[in-house]
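Protein chains: 4
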Amino acid sequence: MLVETQEEAPKIREPLRRVGITNLRIIAKINWKGKVYTFIPVFEITIDLPAEKKGIHMSRLVESITEAMSEAVEEEVMEAHSSLEELGRAVIRRLESKHPHRRAEVWIKTHLIIPRETPASGKTSYEPYDVEVGVIKNEDGTFEKVLRVRVIGNTVCPHAMANNNGKTHIQRAIGELEVRAGYDEKIELEEMIDVVESSFSSPTYTLLKTVDENAVVQRMFENPKFVEDVAREIFAKAKERFNGKIHVRVISNESIHKHDVIAETWS
Amino acid sequence: MLVETQEEAPKIREPLRRVGITNLRIIAKINWKGKVYTFIPVFEITIDLPAEKKGIHMSRLVESITEAMSEAVEEEVMEAHSSLEELGRAVIRRLESKHPHRRAEVWIKTHLIIPRETPASGKTSYEPYDVEVGVIKNEDGTFEKVLRVRVIGNTVCPHAMANNNGKTHIQRAIGELEVRAGYDEKIELEEMIDVVESSFSSPTYTLLKTVDENAVVQRMFENPKFVEDVAREIFAKAKERFNGKIHVRVISNESIHKHDVIAETWS
Amino acid sequence: MLVETQEEAPKIREPLRRVGITNLRIIAKINWKGKVYTFIPVFEITIDLPAEKKGIHMSRLVESITEAMSEAVEEEVMEAHSSLEELGRAVIRRLESKHPHRRAEVWIKTHLIIPRETPASGKTSYEPYDVEVGVIKNEDGTFEKVLRVRVIGNTVCPHAMANNNGKTHIQRAIGELEVRAGYDEKIELEEMIDVVESSFSSPTYTLLKTVDENAVVQRMFENPKFVEDVAREIFAKAKERFNGKIHVRVISNESIHKHDVIAETWS
Amino acid sequence: MLVETQEEAPKIREPLRRVGITNLRIIAKINWKGKVYTFIPVFEITIDLPAEKKGIHMSRLVESITEAMSEAVEEEVMEAHSSLEELGRAVIRRLESKHPHRRAEVWIKTHLIIPRETPASGKTSYEPYDVEVGVIKNEDGTFEKVLRVRVIGNTVCPHAMANNNGKTHIQRAIGELEVRAGYDEKIELEEMIDVVESSFSSPTYTLLKTVDENAVVQRMFENPKFVEDVAREIFAKAKERFNGKIHVRVISNESIHKHDVIAETWS
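Chains as they are written, first to last, in this note's numbering: chain A, 1 to 267; chain B, 1 to 267; chain C, 1 to 267; chain D, 1 to 267.
Since the hints were derived computationally from the structure, they do not count as laboratory data.
Wrong hints could be hidden among the right ones.
For lysine-lysine, the following BS3-like pairs were computed, each having C-alpha atoms within a straight-line distance of at most 27 angstroms [what the hints assert, rightly or not]:
1) Lys53/B to Lys245/A
2) Lys98/A to Lys11/A
3) Lys186/B to Lys29/B
4) Lys29/D to Lys33/B
5) Lys35/A to Lys186/A
6) Lys29/A to Lys167/C
7) Lys98/B to Lys167/B
8) Lys98/A to Lys109/A
9) Lys239/A to Lys53/B
10) Lys29/A to Lys33/C
11) Lys98/D to Lys109/D
12) Lys245/B to Lys11/A
Start from the sequences, fold in the hints, and give me the full structure.
Set out below in structure tokens:
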């Protein structure tokens, strides 16, 4: 006879908002533009815990993820999981029949690789981006999503340029954009990435032949930007294009300092 | 003639909430119980940027920190900086005469070492804790603070214990407590650490002779706790003792899984 | 007319052993047991630089990787890249026609997911492992490889068990095994993972129903081990099975301390 | 009656080279130029374990560290621990009377803050550096030390400069220098830091007024360097100044790419 300690009453009667599993790495399959891709994302999945129960049944959360990804559902994957948020919602749907809850969240963190054309030689360069998607089921049954992208670019200091006859300092910068929206809003991670990448002094590329490197250098000098300028441009574009709550954070790894500079804002 | 590009009008007229310096490591001196200690914390300092200015003057933020820590103020340190939040406020005070702003934040992240008595041999064990303090000056001139502690403890699974005649699985767990309060609230980091450390199955110690290790093991088996139990106990104690907005997060590095489990709640 | 600064003579005539690209994330395809899988590993690729040349042509290293992974070679992938080291060698082969060098290294860091059967319910649990493969072309044209696995398990203290009537402390532990061997040695990453995973007090599982959790707890208590015992067992098994230079490192995230303990040895 | 499981014979008779404690954070006091400073470094301390003993007594390693740092020895600190390596040796000396061993290692990782004069305004800027010191007692009783510094600087691409009429890309770079030497060799961490910092296109500063920023920008454009040039210069200077085995690694966080470039060599 197995004891279900989780169902007992706890000493301290306090509801908890988020209880579950984190830092779980598992294979995920996404049908992206008609082709099934495999990823190995990091998952977090949580539900609320009412005041009168001691704990949740953690293994059922794991099962919701692994079953949503199993071979048995490969056909379903072909049809349905054409985005990370659909995958997240498929996990919550499975969870509904396994574990009672009022609120649930699934977070999926992975990398995307997007092919780009280099600016002069026209070669294909494969660019990596960090993305994270959260799907949240609220107590009233409505669904929200949180989409995050993290893009590597650069800043070119306009202040140093103005004071040094066109010479300046340049550095890698990292732009992060988050949009929180209703689940049904049409928001593509790829478009969010474009918004961030196009707001730096120049986009960056994995592959650059000398003619491409020259084009990037020219573009950087024609387009000097403070970290503040990059944050403003991402924010303005994101507000125009995406219907949701927007958060922007840009960090510049200064080449003249040992510390970083930061610009951040949100709607 | 130097150009002040920061004072120009930006192309995109959008105010920014937080612009400044991050990941800056610098020596700080604190007068703790009558003795001056040196730390090497990591600082973040930001101010708001109005829509009509292109950028902030970053070097003035650095000066505010370094001047607040300079030899010249050692006497003042002896009197005044008896806590990390007083240090943060001293930085903001210096910033006021250097750079116009409506809002300002200073964040200081460091380690504290606190001596503890071991449970059986009575030896002194020096325990390390991660702490972070934020001081926020709001637009109306009021000050708030955010205090964070991160404590390493353990969980002992009551469910496995009930199903295995007293045998169970045990693991390291990490408890995080944040309190956001008015600047003048009396909240000691040491007391926040105590709240977290006393909520695990047992506190942990850097130094444990065999008799102490036995005492810890006995205590762990007498005090089995889910990650949910630990989070509830921290939350209940913190609400009772501290006047502010409270956030609790506990992560348990399961010894039977490769992933972690999490319990989180906030007021 | 483009200048090739790399071909100029440097001021300081000193050969360098390893020059290249690191922290490059790109899609890789592996034919694993007849099926093509996609990964997004992190690559490092370096070559030596002779004393009389100022620099290497970095973009050719990137091209060697991207071409080895391009759609055009999908058929070749089906036949050839049935392991990470074959992929590494394919990159070096492409590099040979692109950039002169005497020595070359390719390092590929990724995750593997391996299905396991849970100990009591017989369910399938998908287990994640960190792996890294290095392929090294020496100056004499011979090839070596370095294979690394990182496995999450646990330790159960036999000393506390002997002093507390069977009660003890338990914690997550991380075992790392590296084998450096001639390129043609048959060494499977999966077998290396098995060597490490079977040397803990118990293997760990992503999915554990209560009956499985009980089996793991029982196994842990029957099999107490110091971090030293785990390191010795991995080392002894690895020496018996793998023909190469062996390095073992085990870290135990103690549940009674805030620090870790370590045991390490090598042949 | 306490059982000493550590003294028992292990199942697998295999000596281990390094057994001990890692990631231990504790207060250290150093008498630096006549003044006692406190640090909170991370320690690792290991000894060898002979084939016939099951384990080591971990708590004695902790005691060797805490006793070497206790109030009781403050006077001794004033006289003796005028460097991190003297502190490491003091820990090993204490360990000798506590735990038999043939080989011992102590590793201490911390930050140093060094005041610098800014290049134009002559202000004082406090610069942070990561340092690590290892003290190794060999089986024959001789002592060695390993000194490591990590310095943040920059690279300015000479290839892009030659192809773009003086325009180029610039980025943060990180230089690491390790010297392994006999314990009695006179090698200052500060001098090692100078060797690395002076080998970049320009040193970096925490505090830069506009005139200083201009001086740094001018210096960067007069002094373009590949990551290969930086590595060669560090290596050449270090070989000339320090008597020991030298290892150099430079990583450049490219502003035109999402990946890093690397140059590494050793004697």
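**Message:** Run through the hints listed earlier and report the numbers of any the structure violates, in increasing order.
**Reply:** Numbers 6, 7, in rising order.
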